[in-house]
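Take a look at the letters that make up each chain.
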Amino acid sequence: MTNKIRVSCDRKNLKTIRAFVTDTLKPVHLSEITLNQIILAVDEICANLIIHSNHEDSRKNLCLTIHYDSREIIFELQDNGTPFEKANYKEPNIHDNIRTGKKGGVGVALVNRIMDKVEYSVNGSTNICRLHKYIG
Amino acid sequence: MKIKHTITDNTITISLDGELDASSSVLLDEELSNPSIMMFGKILVDCKNLNYISSAGLGVFISHLQRFEDAQIKLIFFNMQEKVRNVFEILGLDLLMTIVSSYEEAVTIAND
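So the sequence lines, in the order shown, correspond to chains U and H.
For the first sequence, this note's numbering assigns the number 1 to the initial residue and increments by one for each residue that follows.
For the second sequence, this note's numbering assigns the number 137 to the initial residue and increments by one for each residue that follows.
Next up, chain H with everything else stripped away, as it sits in the complex (with noise of 0.2 Å):
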């Protein structure tokens, strides 16, 4: 799993690159930990080459979900391939969690 992040004003994009299981998760829990990360008013996520998502990787979405929240932090994923999504879709976390297709949506709605 690589991550990188692009930064502009007050807005992180984190791009997500591989498989997010029970061993590689611990890297995306550390980076969503940081509390640098709450200077952020937006947290967009691109999960365009993130090919595989397990519970663990879904799990440390959920543990942020509320802090972010709480801190009116809006996380927004795109670009997020079907079988990915499909894992959101099992558990109800695409009615939870806001997902829409393109940079632009995305964009968009961080911007409402």
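Pulled out of the complex, with its shape left as it was, chain U reads as follows (with noise of 0.2 Å):
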């Protein structure tokens, strides 16, 4: 099963996306909770993209592909934003945050414990975020 969805870069969309993935994954019997942890993690990645990557430019879009079968789910983002640097990407202290008041920082901590396997990667001016969740 694939479905798919462009939407354009402005935080407004995140209900949108959030909607467009429950009622993709409505056919796969997930608890409540993976369901809403799934949800989150695509959650904070297209946060990250609308925000960071495009600088909330609402001319830029943002397009989320969604692939299942009886054993895994695979969420594939793609954007013409700056990409994201893994190599520069540190696990906050949220002891440090507290301390510091830092607002921001734990999402992709979020999106790195929720899935099961993250890949980042660059095609031409196309940034590509694959999202695994093993389910069977």
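These are calculated hints, taken from the structure and not from any lab test.
Given the structure is predicted, the values throughout are model-derived calculations rather than measurements.
Don't be surprised by glycine CBs; every beta carbon is placed ideally from N, CA and C.
Do not rely on the hints blindly, as some may be mistaken.
Far from chain U, by Cβ distances over 12 Å, these chain H residues were calculated [what the hints assert, rightly or not]:
no., residue
1, 139
2, 142
3, 151
4, 171
5, 205
6, 219
7, 243
8, 246
Coverage of chain H stretches by chain U, computed from C-beta distances (three or more under 8 Å per stretch; other residues unrestricted) [unchecked claim]:
no., region
9, 154 to 167
10, 192 to 202
11, 228 to 240
Each of the two chains sits in its own frame; use the hints to bring them together as a complex.
Below is the structure:
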């Protein structure tokens, strides 16, 4: 099964993306907690793409494709913004974030803990992020 | 996201209704950044109708926690749905923040 959505880089579209993930995964019988975790991981990546990679430029788009079978769900996100530099990523220290009153920086940590595999690649001007969740 | 308050003595109860994501969490941040909130000794957050939270929502609470602690203001979450609590647990925030089951429990802890 494959399903695809394209939205403009506006943070108001995060709700649309979450509804799309929920609808697409309806036939996959996941627990409420697992489904919420998956929606969260996709939402986090989309929020980063919209806000950081594309600076909330609503003339730009991002595309989410969901493929699934009985063993695995794969989310593929494509955009043309500034690529995420995985090499520069540092796991947050929550105690430091609390002490310094830092608002951001925990989204990717959530994604890494929820998903079984997270891949980032670049093809020409297109950035591709693939999230894998094993369900079998 | 709808945010409602109820004030009793030095306690403010903030009821969250809807989804806290990178878009809607701005509202909550404005609410918690309001200097008048520092007048209260206790902030109780009713999460009964909070259906979703992302890192942006968590980040709002993370960013105000130290300020509240320094001012000896107790921040207590109650009525949290299991799927929302699970998001706090993934990052270990359930161990750093006070999350209880019911309003009564929240009041008891607030008055300790």
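Item checked: Coverage of the region 154 to 167 of chain H by chain U (three or more Cβ within 8 Å) -> n = 5 at 8 Å, threshold three: holds.
Notebook entry, point to check: Regarding the assertion that residue 246 of chain H does not contact chain U, is the least Cβ-Cβ distance greater than 12 Å?
Noted result: Since the minimum Cβ distance to chain U is about 20 Å, residue 246 of chain H lies beyond 12 Å and the statement holds.
Check: Taking the minimum C-beta separation from residue 219 of chain H to chain U, is that value above 12 Å?
Finding: violated (4 Å)
Checklist line | Claimed clearance of chain U by residue 139 of chain H, with the beta carbon kept past 12 Å | finding: At about 17 Å from chain U, residue 139 of chain H clears the 12 Å cut-off, so the statement holds.
Margin query: Can you confirm whether chain U covers the region 192 to 202 of chain H, using C-beta to C-beta distances below 8 Å and requiring at least three such residues?
Written below: With 9 residues in contact (Cβ-Cβ under 8 Å with chain U), the coverage given for the region 192 to 202 of chain H holds.
Note to self: Using Cβ atoms and 12 Å as the threshold, tell me whether residue 243 of chain H really stays out of contact range of chain U.
What the structure shows: holds (25 Å)
Checklist line | Interface exclusion of residue 171 of chain H relative to chain U, criterion Cβ beyond 12 Å | finding: Non-interface label on residue 171 of chain H holds, nearest chain U Cβ at 15 Å vs cutoff 12 Å.
Item checked: Interface-negative label, residue 205 of chain H against chain U, beta-carbon threshold 12 Å -> Non-interface label fails for residue 205 of chain H: nearest chain U Cβ at 9 Å, not farther than 12 Å.
Notebook entry, point to check: residue 142 of chain H clear of chain U by more than 12 Å, beta carbon to beta carbon?
Noted result: holds (26 Å)
Notebook entry, point to check: Far enough from chain U: is every CB of that chain over 12 Å from the CB of residue 151 of chain H?
Noted result: holds (20 Å)
Item checked: Within 8 Å of chain U's CB atoms, at least three CB atoms from the region 228 to 240 of chain H: coverage verdict -> holds (count 3)
In summary, the numbered hints that this structure violates are 5 and 6.
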